[in-house]
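Chemist: The lines below spell out each chain.
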Amino acid sequence: MDKQIIISISREYGSGGHAIAEMLSKRFGIPLYDSNLLEIIATEKNVDKDSLKAYDEVPRVRLFSRRVKGQTNSLEENVANLQFDFLKKKAAAGESFVVVGRCSESVLKDYSCMVSIFVLGNKEAKIKRIMGLYNLSEDDALDKIERENFRRKMYHNYYCKGKWGDSRNYDLSINDSILGLDKTADIIEEYVRKRIELMA
Amino acid sequence: MAAQIIAVIIFVLMFLLIVTERIPRHFVTLGCGLLMLIVVFGICMRSSDAVWETLNIRTFVDPDFWVLINGEESSSGINWATIIFIFGMMVMVEGMAKAGFFRWLCLCIAKAVKYKVTSIFLTFMIMSFILAMFIDSITVILFLAAVTVELSQLLKFSPVPMIIAEIFCANLGGSATMCGDPPNIIIGTSLHYSFGQFVTNTGLIAVISMVFVILYFYLVFRKHLKSDLKGEKIKYPEPKEAITSKRYFISSCIIFGIAVILLITHAQTGLTVATIGIFIAVITLLSMPRHAIELLKKVDYETLIFFIGLFIVVGGLEQTGILELIAGFIATICGDKVIIMIAIVLWISAIASAFVDNIPFAATMIPVIKTLSATMGVDLSILAWTLAVGTDIGGSATPIGASANVVGISAAAKSGHLIGWGRYCKYAAPATVIVIGISMAIIYVRYF
Chain A
14 MDKQIIISIS REYGSGGHAI AEMLSKRFGI PLYDSNLLEI IATEKNVDKD SLKAYDEVPR
74 VRLFSRRVKG QTNSLEENVA NLQFDFLKKK AAAGESFVVV GRCSESVLKD YSCMVSIFVL
134 GNKEAKIKRI MGLYNLSEDD ALDKIERENF RRKMYHNYYC KGKWGDSRNY DLSINDSILG
194 LDKTADIIEE YVRKRIELMA
Chain B
32 MAAQIIAVII FVLMFLLIVT ERIPRHFVTL GCGLLMLIVV FGICMRSSDA VWETLNIRTF
92 VDPDFWVLIN GEESSSGINW ATIIFIFGMM VMVEGMAKAG FFRWLCLCIA KAVKYKVTSI
152 FLTFMIMSFI LAMFIDSITV ILFLAAVTVE LSQLLKFSPV PMIIAEIFCA NLGGSATMCG
212 DPPNIIIGTS LHYSFGQFVT NTGLIAVISM VFVILYFYLV FRKHLKSDLK GEKIKYPEPK
272 EAITSKRYFI SSCIIFGIAV ILLITHAQTG LTVATIGIFI AVITLLSMPR HAIELLKKVD
332 YETLIFFIGL FIVVGGLEQT GILELIAGFI ATICGDKVII MIAIVLWISA IASAFVDNIP
392 FAATMIPVIK TLSATMGVDL SILAWTLAVG TDIGGSATPI GASANVVGIS AAAKSGHLIG
452 WGRYCKYAAP ATVIVIGISM AIIYVRYF
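Protein sequences appear in the order of chains A and B.
Residues 14 to 213 (the numbering used here) are what the first sequence spells out, left to right.
Residues 32 to 479 (the numbering used here) are what the second sequence spells out, left to right.
Simulated from the structure, these hints should not be mistaken for lab results.
The structure displayed is predicted, hence computed values, not measured ones.
Incorrect hints may have been included.
Residues from chain A that face chain B, not an exhaustive set, calculated with beta carbons under 10 Å [to be verified]:
1) Met144
2) Leu146
3) Ser150
The list that follows gives simulated cross-link-like pairs (lysine-lysine, BS3-like), each with its CA atoms no further than 25 Å apart [as the list claims (entries may be wrong)]:
4) B/Lys257 <-> A/Lys58
5) B/Lys187 <-> B/Lys257
6) A/Lys82 <-> B/Lys187
7) A/Lys66 <-> A/Lys103
8) A/Lys157 <-> A/Lys136
9) B/Lys401 <-> A/Lys62
10) A/Lys58 <-> B/Lys261
11) B/Lys277 <-> A/Lys82
Positions of the beta carbon are idealized from the N, C-alpha and C atoms, including for glycine.
Sequences are here, hints too, so could you generate the full structure?
Modeler: See the structure below:
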């Protein structure tokens, strides 16, 4: 790509936002950063990737952590900061990429080439998707969705001023249960291409 | 009665807000301090004397605050001597860091031991202990952990064992002197103990404990102290490259030497720690005139404000007689058995400091041990050394017990090495129990 473009996809659990991010990555021919981000960081730092992944997008436990001169013993926060620093470094290097979650819409807000999307879905559609993906009962799927969404919300709202899922924090909020993943991806692609055209 | 209840509520509120970290801790203590002044002293007690006594402004015009001539410095209310001394040391440490002193020292030692992992492990533990005797443990660990991570990447070993051991030794070193750890500064200035008295009491305990600590950490970590290098050629960092300015480096070394001499001799010279703090700050700023503003900006004013608020809140507990009630409660439990009292003060201080900030704990406990000493006829100095050792060492047990722990764990995490509660406590908690046990044995043998 000639112009730098960063597509930040935030998503409700079970909405299919990650699948849309994968489609956009392929369509624009740019890398996708999700949990693989920690694998890259682990390789760079020569450490075990699983030890980092255990704290991926996990909210900080206040009771068991302290802050001293801007430093903290919270592993959740330190892992989050490793990811934020990685994203900032990639963005500063002029790279284009799609990033899923990781507070990217806030972390990279200073980059005018960043397009922020929030993907949501209808409750029934999300339950159906999670039931199929993890072979769960309806009740278990709903529990999982609520638990994961709560975790994402807590994680996001700790690091960002704007609230998770609040449409005012994103360029585009879209419910993919109406049109399905492919057509929703088409709309987002069209929107991103228009944004690229507008870039100086 | 109403004043006492409100004072306790404000104190508990302050502790809870510090632990939850929803509001910066300096705002918490200052806000709670203001509440104490207005609600407890102003509305409930209607005592302007209590307000002035707690603010302790008049101490500045007391000649004994600067040089001990007639007797003892004032000790009630805000402990301005502690605040001024910490300010002075902060300026000096910033100057030393600017000159590259700490990194230079770490690299020199690593070079001197020929970059052997086990030797670096042992020497860095000792260096951490010695530096923390005079410099705050946060700064010691900030630099030591950074160099440890750098060397671990170069020599291909895990920095985690080394960082845990360095943290522990920094906290232990801090317990050895009056200026090593904030609780000691507060205890020393509040109860009028000299640097020399600390060294010959808590210092002796720390040095004896250090021998066991080195042995313990070597035994538990020896299998991890191996380099994975396979004959690769390495370009080692040169210590002299760490020095940013030779002139500043020399001047900061001299100032550090002067600070150490002034502290060691302050009982003889009569200079108080407040005077030493001001003097050290002034000569540091004069030696780096072009960077004076920068150094002053880098001073951690939030911590100083935190101290001011904290002293007011503790002053509130003191004025309302709450701390006397706590002392009376401890005295009732112990009966006339001083040995049990020592054990209670030591272990409660250690356990509390493992989970909550040891500075407010120590500040609160000082009036308590003063009352215990007066009512039970126990030598105050024994209780003071017990409190100092308990609060300083107890903080080593958990990742949140002391500031150095947080800074060290954060430095490791930035390099991708995560030290969680389980991993940290597995090694540090037994070491803490060992040192507290040794300390208790020394206190019993020496003072009873």
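Chemist: Each hint should be assessed against the structure and marked as holding or not.
Modeler: Going through the hints against the structure:
1. This hint is violated: A/Met144 has a C-beta 34 Å from the nearest C-beta of chain B, more than the 10 Å allowed.
2. Against a cut-off of 10 Å between C-beta atoms, the interface hint on A/Leu146 is violated, since the closest Cβ of chain B lies about 29 Å away.
3. Of the supplied interface hints, the one on A/Ser150 is violated, with its beta-carbon coming no nearer than about 33 Å to a beta-carbon of chain B, more than 10 Å.
4. Distance check on the hinted pair: B/Lys257 and A/Lys58 sit about 18 Å apart at the alpha-carbon level, within 25 Å; holds.
5. As the CA atoms of B/Lys187 and B/Lys257 are separated by approximately 8 Å, the hinted pair is consistent with the 25 Å bound.
6. About 29 Å separates the Cα atoms of A/Lys82 and B/Lys187, which puts this hinted pair outside 25 Å; it is violated.
7. Distance hint between A/Lys66 and A/Lys103 is fulfilled; the C-alpha atoms sit about 20 Å from each other, no more than 25 Å.
8. Taking the CA atoms of A/Lys157 and A/Lys136, the gap is near 12 Å; set against the 25 Å cutoff, the hint holds.
9. For the hint pairing B/Lys401 with A/Lys62, the CA-to-CA distance comes to about 53 Å; that exceeds 25 Å, so the pair is violated.
10. For the hint linking A/Lys58 to B/Lys261, the alpha-carbon distance of about 18 Å falls within 25 Å, and the restraint holds.
11. For the given pair, B/Lys277 sits about 28 Å from A/Lys82 by alpha-carbon distance, which is inconsistent with the 25 Å threshold.
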